[in-house]
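Number of protein chains: 2
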Amino acid sequence: MQVNGTPYRCIWLEADKRTVGIIDQTKLPHRFETVSLRTLNDTIVAISDMLVRGAPLIGATAAYGVCLGLTEQSKDCSDTHLEKICAALIAARPTAVNLRWAVERMRSLLTDLPPEERVEAAYQEAALICDEDAQANESLGEHGLKLIRKKYEETGKPVNLLTHCNAGWLATVDWGTALSPIFKAQQAGIPIHVWVDETRPRNQGAHLTTWELASAGIDHHLIVDNSGGHLMQQGKVDLCIVGTDRTTCTGDVCNKIGTYLKALAAADNNIPFYVALPSSTIDWTLEHGAAIPIEERDQEEVLLVSGLAENGEIQKVRIAPEQTRAANPAFDVTPARLITGLITERGICKPNKKSLLSVFPEYME
Amino acid sequence: MQVNGTPYRCIWLEADKRTVGIIDQTKLPHRFETVSLRTLNDTIVAISDMLVRGAPLIGATAAYGVCLGLTEQSKDCSDTHLEKICAALIAARPTAVNLRWAVERMRSLLTDLPPEERVEAAYQEAALICDEDAQANESLGEHGLKLIRKKYEETGKPVNLLTHCNAGWLATVDWGTALSPIFKAQQAGIPIHVWVDETRPRNQGAHLTTWELASAGIDHHLIVDNSGGHLMQQGKVDLCIVGTDRTTCTGDVCNKIGTYLKALAAADNNIPFYVALPSSTIDWTLEHGAAIPIEERDQEEVLLVSGLAENGEIQKVRIAPEQTRAANPAFDVTPARLITGLITERGICKPNKKSLLSVFPEYME
Chain A
0 MQVNGTPYRC IWLEADKRTV GIIDQTKLPH RFETVSLRTL NDTIVAISDM
50 LVRGAPLIGA TAAYGVCLGL TEQSKDCSDT HLEKICAALI AARPTAVNLR
100 WAVERMRSLL TDLPPEERVE AAYQEAALIC DEDAQANESL GEHGLKLIRK
150 KYEETGKPVN LLTHCNAGWL ATVDWGTALS PIFKAQQAGI PIHVWVDETR
200 PRNQGAHLTT WELASAGIDH HLIVDNSGGH LMQQGKVDLC IVGTDRTTCT
250 GDVCNKIGTY LKALAAADNN IPFYVALPSS TIDWTLEHGA AIPIEERDQE
300 EVLLVSGLAE NGEIQKVRIA PEQTRAANPA FDVTPARLIT GLITERGICK
350 PNKKSLLSVF PEYME
Chain B
0 MQVNGTPYRC IWLEADKRTV GIIDQTKLPH RFETVSLRTL NDTIVAISDM
50 LVRGAPLIGA TAAYGVCLGL TEQSKDCSDT HLEKICAALI AARPTAVNLR
100 WAVERMRSLL TDLPPEERVE AAYQEAALIC DEDAQANESL GEHGLKLIRK
150 KYEETGKPVN LLTHCNAGWL ATVDWGTALS PIFKAQQAGI PIHVWVDETR
200 PRNQGAHLTT WELASAGIDH HLIVDNSGGH LMQQGKVDLC IVGTDRTTCT
250 GDVCNKIGTY LKALAAADNN IPFYVALPSS TIDWTLEHGA AIPIEERDQE
300 EVLLVSGLAE NGEIQKVRIA PEQTRAANPA FDVTPARLIT GLITERGICK
350 PNKKSLLSVF PEYME
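Protein chains in written order, with numbering that gives the first Met the number 0: chain A, 0 to 364; chain B, 0 to 364.
Since the hints were derived computationally from the structure, they do not count as laboratory data. There may be inaccurate statements among the hints.
[What the hints assert, rightly or not] Heads up, simulated PhoX-like pairs for lysine-lysine below, C-alpha to C-alpha not over 25 angstroms straight-line:
hint	chain 1	residue 1	chain 2	residue 2
1	B	K315	A	K315
2	A	K26	B	K315
3	B	K149	B	K235
4	A	K156	A	K26
5	B	K26	A	K315
Required output: the full structure, derived from the provided sequences and hints.
Spelled out as structure tokens, the structure:
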């Protein structure tokens, strides 16, 4: 995607072919700054402090984290060190399955190679993971586009979409998941309008989704997370599309906290509720969403809100009394029964095991 | 209720028996400041800028607004002027029915009196409206207490309540609506814990409910509006109690935006969802919640978040890019089918016309 006319991905190799470049997403939308990752620890901090976030991008970053772990000071490519690197990366964030998926893919490839070949192979594989992610997201965008086009052809009016959190290109290597069909619709000349949930506590909707849509010239309104149900009752939402951090093989979806509430409202108002995902987000080992570990993050994310102060500085303000503590579960699980369909890189399927396996038969037992 | 050991109501007459005192709720929880209202316009600004808010308190403030309109400079107590005062007050906020209810009660009393008796009668009636509100809320608190006590007796464990927005004593003259049973439970020694929805965009939960609970020593956690559904799925909520700005005679409830989403989640998880209200909040003329006008407030309430900066000043920070616009509906309608019961000053009833009329037979046609 383009930033002020320059094409960007969310992660790239710098000129030395070793250092990894990322966008510091904690500064958006107020500042566009890039950061260089040079060590495994840089990578872990970038993931846990959410300079990068979004399941697919976390996976891609972790893949490069393995590369950086093998090349930093010690240049230790032994099995033992590789194991340590992988364990440290997986511990950085517990919920998104792409992190584990990408690390396991790197580990399984590298373990079979002699140590002296591991660095080159790691960089090659990380680049491949990035390319595949961008390609899968573009492809699922084409499939999702059909839903938007169909709605437009039915009504002849601008299609009103609602999305939660940021599942745009900033959440992936490129294109995004939930926003990929929206970018495709814009390019296809279909009139659209997007309701953007601000997505407290970290406001990825307010900070990132709005910024992506504004940059692409897509009509949108920011709303508080409380508003979506009312807008659906009023007939102002045609279609919901969200992303996912982990999807069970039975179609339960673990996504940013609050997704479940929007899915309930969509079901109550007969509004289609779709989840867009590259298949790397599917956890084929899990049957029940309730078994997914939900990350509990620092209460300060709830108690302090970050934004641009009048003096042009990014500041945090405290919204609660000094004595008040906060709870901060980062994700919730939307049961398959509330989901209309899953938009994958191979097409749209129902949120159940049979339908998922019909699209991804290689996972059949 | 007490603030630092001093008993307060949310509205009072100052020593001159003419000026009206209120708490500036836009400064809480960071500053406790009171403001003097001396004119009709002071009153309208206090209501529309939300220095006072909460349906019952808006009603009480509007009643005193009539008094101030009759006593300011012109001292004009004519029918024409009285009509102008009433119309201006009713226009200040469109959704809460107590505003209209209180103004109509004042108008109907005063119209029947000769102009020279109107000022004294107005101050007497406004004081009566305040006393009745405090009494109704204390009384509904006793009824709601039974629900909390029953849950405690069933489980023997601390009762986990969830509430949205602020329906505490700050939303009324005293005691509050949704929080009144909670204060009563605390006084009765029943162990309780409250999940407080922050309630974007104006964060009345984060600013006011937390402050009330902290002041009363009641165990609580602040949560983002997105979290309640997940907590219910996890079995961490025993009972939801919210307030209402307008209730139809069929039991539909118009309350702060986002209430509907919590009611959906409560229904999906078989958790009782109660609405606490003094009967002044019931609109006996309305059968359908969908007919209630929903106030659309300034987009800046969504785009800017107010809080305490590190330097100790109350500041606003912008959370979205410069180009992004916001939509800001202030209320939504929760249909009666999602509500377990209505907690009124005369007891708990089902959210339907028959049950409401059995408790308030004087409204039978």
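Outcome of the hint check:
1. A threshold of 25 angstroms between alpha carbons decides the hint, and for B/K315 with A/K315 the separation of about 10 angstroms falls inside it, so the pair holds.
2. Taking the CA atoms of A/K26 and B/K315, the gap is near 17 angstroms; set against the 25 angstroms cutoff, the hint holds.
3. Annotation: proposed proximity of B/K149 to B/K235 holds, straight-line Cα distance about 17 angstroms (limit 25 angstroms).
4. Of the supplied pair hints, the one linking A/K156 and A/K26 is violated, its CA atoms being roughly 36 angstroms apart against a limit of 25 angstroms.
5. Straight-line distance between C-alpha atoms of B/K26 and A/K315 comes to about 17 angstroms, which keeps the hinted pair within the 25 angstroms bound.
Hint compliance for this structure: hint 4 alone is broken.
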